[in-house]
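Q: Work from the hints to combine the two standalone chains into their complex.
Protein sequences appear in the order of chains U and E.
No gaps in the numbering here: position 10 of the first sequence is 10 in the working numbering, and each next residue is one more.
No gaps in the numbering here: position 836 of the second sequence is 836 in the working numbering, and each next residue is one more.
For the record, the hints were derived by calculation from the structure and aren't laboratory data.
Hints should not be assumed to be uniformly reliable.
Claimed, not checked - If you anchor each label on the Cβ, the simulated ranges turn out as follows:
#1 U:G62 x E:A128: 46 to 54 angstroms
#2 E:L891 x U:L44: 57 to 65 angstroms
#3 E:E33 x U:A41: 18 to 26 angstroms
#4 U:G62 x E:Y81: 25 to 33 angstroms
Every value quoted in this text rests on a predicted model; they were computed, and no experiment measured them.
No residue lacks a Cβ here, since even glycine has one placed at the ideal position from N, Cα and C.
If you want the building blocks of each chain, they are given just below.
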Amino acid sequence: MPRPKNDVLQGTLAMLVLRTLADRGAQHGYAMTQHIQSSSAELLRVEEGSLYPALHRMEQEGWIRGKWGTTDKNRQARFYTITAAGRKQLAAEQESWARLIEGVGRVLRFA
Amino acid sequence: MAWYHRLFNTIRSDRHARDLEREVSFHLRERTEELRDAGMTDADAAAEARRRFGNRTVQQERSHDAGVVTWLESALADVRYAVRSLVASPGFALVAILSLGLGIGANTAIFSLTNAVLLKSLPVRDPAHLVNVYRKFPGDKSPQGNNSFTNPLWEQIRADSSVFSHVFAYGDASFNLAPGGEVRMVDGAWVSGDFFQTLGLRAESGRLLDNADDVRGCTGAATVSDGFAVREFGSAAQAVGKVIALSGHPFTVTGVVDASFSGIEVGHHADVYAPICAEPMLEGPKVLEAHSRWYLFLFGRPKPGLSPAQVDAGLATAAPGIFAATVPEHWNQKNQAGYRNASLGAVAAPTGLSDVRDQYRSALYFLLAAVGVVLLIACANIANLLLARGAARQRELSIRMAIGAGRRRVVRQLFTESLVVAVAGAAAGVLFAHWAARLLVGFILTDGNPVALDLTPDLRVLGFTAGVAILTALLFGLIPAWRATRVDPQAAMKAGGRGVVEGDARYRAGRALVVGQVALSLGLVAVAALLLGSFRKLISQDPGFDSRGVLVATMDFSKLDPSSEGSLEFGSAPADVQAAQRRMVDALRATPGVQSAAAAFITPASGIGWNDVLTIPGYTSPNGRPPMAFFNQVSDGYFATMHSTVLAGRVFTEHDGPGSPLVAVVNEAFARQFFGTRSPLGRTYQTSLGDHLSAPVQIVGVVSTAKYASMSEAPRPTIYVPLGQGDGAGTQISFVIRGGGDPHALVPAVKRTAAATSPSITLSFVTLDDQISRSLARPRLVAMLSGFFGVLAILLAVIGLYGTMSYLVTRRRNEIGIRMALGAAGSRVLGMIVSEAGRLVVLGLLGGLLLAAATTRYIKSFLFHTTPTDPRTLAIAVLLLGVVAMGAALLPAWRAARVDPMDALREE
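So that you can see chain E by itself, here it is in the shape it has in the complex (with noise of 0.2 angstroms):
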């Protein structure tokens, strides 16, 4: 029946039942009537009638059967019934509901990662009116330029507003909340006055920084989390008013910001926000100032009414001056150029900002996908055990279906079954997400890099999962439903549930079902040890230096230098902080413990890069393009300390620095691709220096290869220039800290000698080792997770197979048993059934070639020297899933050969 009908039923369900109602008592009148003129009593008469009509009250139910408060009753009854069948084979509901439970739940985990990275809006108001202001210099490839802005065209922005109704600057920090002595870092932020204005929240206790915070030349004044504010206070509003040193500089909380508040960026949970005013106080007078710190990320909502395309043309038209006010000076001419001609413009941005997000997205939708994979995989399972299940229950079926159900109302009931199934495995899913996502971010997530992540379910994550357990009951239920009820039932009772020889043709959806398994599983289990071989590689790989025992010191010389424009990450230090950098290496080098160290502006694998354009005499490009490499400066001992091969040459010496001669060190790989097989030694390259091109660097040594900014990356041309001439460390600088054992234990002595050089040093110690495995993560958690889904793959299809040739085992009993009687040895038996499954499995194993060779390329960029179609790693994946996949059918075949004729016989 139409569901329009029904849904007019019950609007004139009144009119319908009282017209029932009318009728049936004219009808029990003229009974009792008829039967009184037969000589009964009235009393007998209409008791009789009575009788004679049954049971009103369930009549009167039965005829509203078309109406939906029925069929909704109907549907209930159906949950039980399915719920009771479900209790009666306990088997089955436990196998079904624990491997949707693995596979929705996984799904999930993943989901609400992606979710909580990719997706969840900021929670502060109106997000989706929240826009994101970049810049665009000429030549910028990228459609959205750049998002970062100095200080000075932030202040100029601000004071142009014609678009916005609140714009705000944000720029991630890191507080020293200790006084003095041991470092003790807090994450947070410089704002600007508008930021809690902007996003519209509102404070849980106290007050919010605004804009009369945050104005040149103001006192420290600083709103914190609420999370912050029980670690160091007890509560909220103990908070407000106390004092807090950032850096050693005091600091007045003014208020604590509404507790469901996580920040700005996804991933980076600012506690302590201060206004950006208040910078120069830790970072030297200067510092507001400065034309090339582009750390300030804006944020604004435009003015009401206004449409995307407007508020892009009113940026632009700002455009010119904005840039024409702010020009570095120091900047070459041709750069000056074209920063006069850059332009602004604005993208809706109602997810904030995220460096974890743009690392992780690909890996996140890849893991999404291959865990779909597992749980398509899961659904084949079920969908095979239901087939079996139907096939055992045909004969219930074809009563219920004899004695006038609807084959649509089995497949209903049957259908609702698998919605139970899926239900509860949803249900057992989200529990097990619950505990996996935070597994999850356990991976992302390594010493020193925290990552702060809402995993709390919202209703996207709550639709999905239910979007999912619908797809996957009517994924591994409709067809078993209507497979199951395609019985005849005269033939189904005939055969009273068993015959000789069954057909084969009706289990034809189970084999399918098995070859669909194992393609998938071999596609998944291929991916999987396409990663996990290139991880091994990743790791594995000689990196061109010994990171074992050295200690990563990073230090901050700023503080020595009061003219500075605050911290400078690149650049040159003045010859006073060179001076201290320079002796600092040497108190390194005398302290208790240390057998070598040296100073680098970069160390391997923390992801920072340096490059430039050479101009190398003697030298001509072959497709045009001028000669770029990568720059490190290091001090003389780096070299030794990294356990780095020197090919030919020298390396530099404590006399090589600011006045004497230029000279450079180059790797292998520079050294092969400009200068081939003859020597680099004595030959010279220059960098452009403005306008002009600098003086000649000679090279005077080569050294191995090294891995320069990530692990995974293919041989950079470097050159290594000596501390003290030329561009390269700022005020921060790294040191590379040799023992003899554990470099942890390195650190006291380390910091010792740093407070005894100077007390204004700020430093931070990782290992080298922590700093490649924490730039691992990503490729980690990619290979182990797809190792893991490969693995449940595997096992979901041998369950499959196992399901599925046990089941063809039992039902070929007879046969197999009327085999043996006349003859056919146990092995013969054996043969047949492992050829039967082998026949399965070589099926599913050539889908799962074609498709792996069809979409094993999409990862090519998580790959590490290692095509996607590696003929080794996939002859791996076929050679172990086949081995594993026959493993799994020898056991029902073993039975069958076992089978005694004479018992397989009388149980006919």
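Excised from the complex, chain U in its bound form (with noise of 0.2 angstroms):
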């Protein structure tokens, strides 16, 4: 279910984390760093600190599901695939991202 949309920060990172697991499959939280920095073309930092209790979060709100498996340089990491639930609350928030845009455009456009 999508969640109230006063969370804004979070909400924000829980999108950007349910796009890059919707285009790039199975993660882990530094690849995920990675690739948002970068597919941002380095204007967005995620804060790391912040990442992995949203990671949890998400997990627990069904959106990704976590499983431990091995990395290419042979080490432990947690790999997050999205959901059927996830890609519901990624098109919610993506939909209301792009209203905001919009709003915010518009009233910057006409002030």
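A: And the structure:
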């Protein structure tokens, strides 16, 4: 179920994580930070400390699922995948994000 | 997040924490590696990785957010925050906590009294399995008949041991401790041998009375209370083996009962327990055989495994034999037949016996309801304060919500604040209640009427207080919290907390609260006004006699007649006792300081009554029921001493007595009821004597109607018969004595006179004024307390109204400034605010009238000569509340009218 929209910062982080997982399949946290940073052309930088708590919370919400696995450097890491509920949440968040952008944009244009 | 997730989290939180730990260390390693690849030294890279990650511990804790422990921790943080924000506004905190403290305290006080009187179980082993035996005669309307027994009946029931494993008899008593001279009374009880064992009590010292102490012909033995032992002998241990004198007879103290045992009769704390077998020593040799001395109460423990129905059935089976063996020979055939057909039963009696309970039950429930309404009004006040505070904190709240706090989270925070206020209020309330409950007992407790109540707060009282605190927090906290968070963060921030014209809508809740407060207050004020008016009528009515300056001396002549069945309270005393009573009247009249004196079986407002069915030749009852009247037996001089008015005929002279023609004086109520406008003089009546009618008694006089058994009764048709004619006073009789001034001053002289007549006469004193005042204890308590609650309600409602109006005026300052700048006169602004307040008050008063109309009938039983919807009283209540409320609204209105437009607008 989509969450109410008052947790702006966390909501954004969750949306970015969900988008990353939806695009790139199973990912561990470190890879996610790298991906978000690089695909935003270094404009966005994930606050690493809040990422993992957010991941755990999202897992509890049932949007993502975590599983221990091995990286290509043969290290143990927790890989996350997006669930069906997560995709729904992502769609909802993207839509409201788009609306926000449009609204803010209009205000800025016509202010 | 659902609570079960939280719970699940705590359970698996170890694994959860480990997962996180591993994930974070993986992350740090990757980052460090990356930084090192970019050219940093190992140490720098590790430090930079950690720096970028932030404080690990904090993060770990934060991720643990979902756990119950953290939830509790955040609750604690909420409490800390709440306390801080309350400390920051001490005015609000003080008003809220104080008013809640008063409200909760008053509730707790009334409840702890209710608990002590009505609810508390006896301080004995397993009170839940204690039952009280009752008897039921054919035609008894009450489902549980009557629970008093005679000793012959008790002995039969004890002999039939089919249903009880333990059973005992208890009769309350008052013992005279003084070996001679002035009496010194102590509360006590006659108990059967199994009393302490049935209750499962232990001895503080020595041993408790047991079955071996209670055998016919026993010598005096007694078990005493801990308090008594300490008072009389210094300590429990020292009391054992000592001899105390009960009415001059020696009783050896066997031991002292556990200090926590306060007796089985709520309100009557027995200090001396003596076995029933010792009664003949004090009351005469035949006392245990008396068939009409109903003074014992029976309690038992059913045999294990017996259901209540089986106990009843067992008692019912045994009843015919038990009653057949104890038929009172002097009763008439019809009553004897009824006696033989009586049945027995038992009801659970975990709370024991109590006179006080029956007397105060409805009063306590009423007070509980009234004090609950006061608390409700106090809650409305605090809710109002919180609403205003919520509005003032709108900016703070919108900031918190704008930076991401959930509405629920903010509501929780605000509600925690309410809870903190409520808990602080409850704590203050408990302190207040401790003091107030004792004050209340003082109301019930009147001179010579000791009421011992165990007021120590138990779990039930504490639970009640805690429940009330939480309930009040919910009542006054939730709605304001919800409303305060119903803000659009952007709008609130933009407006900067203050607009030119504030929307009215947001404060609708506050207005509704004021209307509700006024309505509730009016209800309470109306009830209080009714009760106070009724009480005023009660004390200012003409009772039909003049109680001022009259001393009542009650004397027991039973020792003069060793053949009697003990102190007969009713019946006909032997001729020598009657002669002694007559001589006492003369002796009292000759006593220095005494102006007049007379004997009377019943003195007014003593709570005692005696009535009988009559046959009046020439009178037919309109409803077919036989005429009934109340009786009193008085000596000559009674009406003169009482200052009663003789309306027709004559009153008694010293020539009316045994052997002279049977005569009676009736009161006006009797004359009017049975003879209408015709004169009752010369008419006769007869009473039933066994199976036939008594000789006709001629009515020779009519006196004004006087109060008989209580001050609140309707006029009772009453017949007075002279001392020595027919039944009436037994060996115990009262004397009404009028001196010139203070009746207390007569006591020593009367004592001397009694002692000179016979040293074996025991006597007690009370002034008639005190006796009347005692009989009014309950209506006084109810009237005074409801009056107090009414004043409290007005005060709280007025504060509420004042607060709301002040707040509205503050919020509308700019608007008012503009109006005035545009030329509105101050008087017009004043009118605007006053009419606004007036609307609220009128709405509230209307609601209150409806409320009063719907509820005042429930207090009908407390009212004397007052209808529950007495329009004058209601009008007074409305007027009083309306005027006071409008007065409270005037101050803010006046302030509004004096707003300087320049100032108000400059602030913008």
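Q: Indicate, hint by hint, whether the structure satisfies it.
A: To see whether the hints hold, each was checked on the structure:
no.: 1; hint: U:G62 x E:A128: 46 to 54 angstroms; verdict: holds, 51 angstroms
no.: 2; hint: E:L891 x U:L44: 57 to 65 angstroms; verdict: holds, 59 angstroms
no.: 3; hint: E:E33 x U:A41: 18 to 26 angstroms; verdict: holds, 23 angstroms
no.: 4; hint: U:G62 x E:Y81: 25 to 33 angstroms; verdict: holds, 32 angstroms
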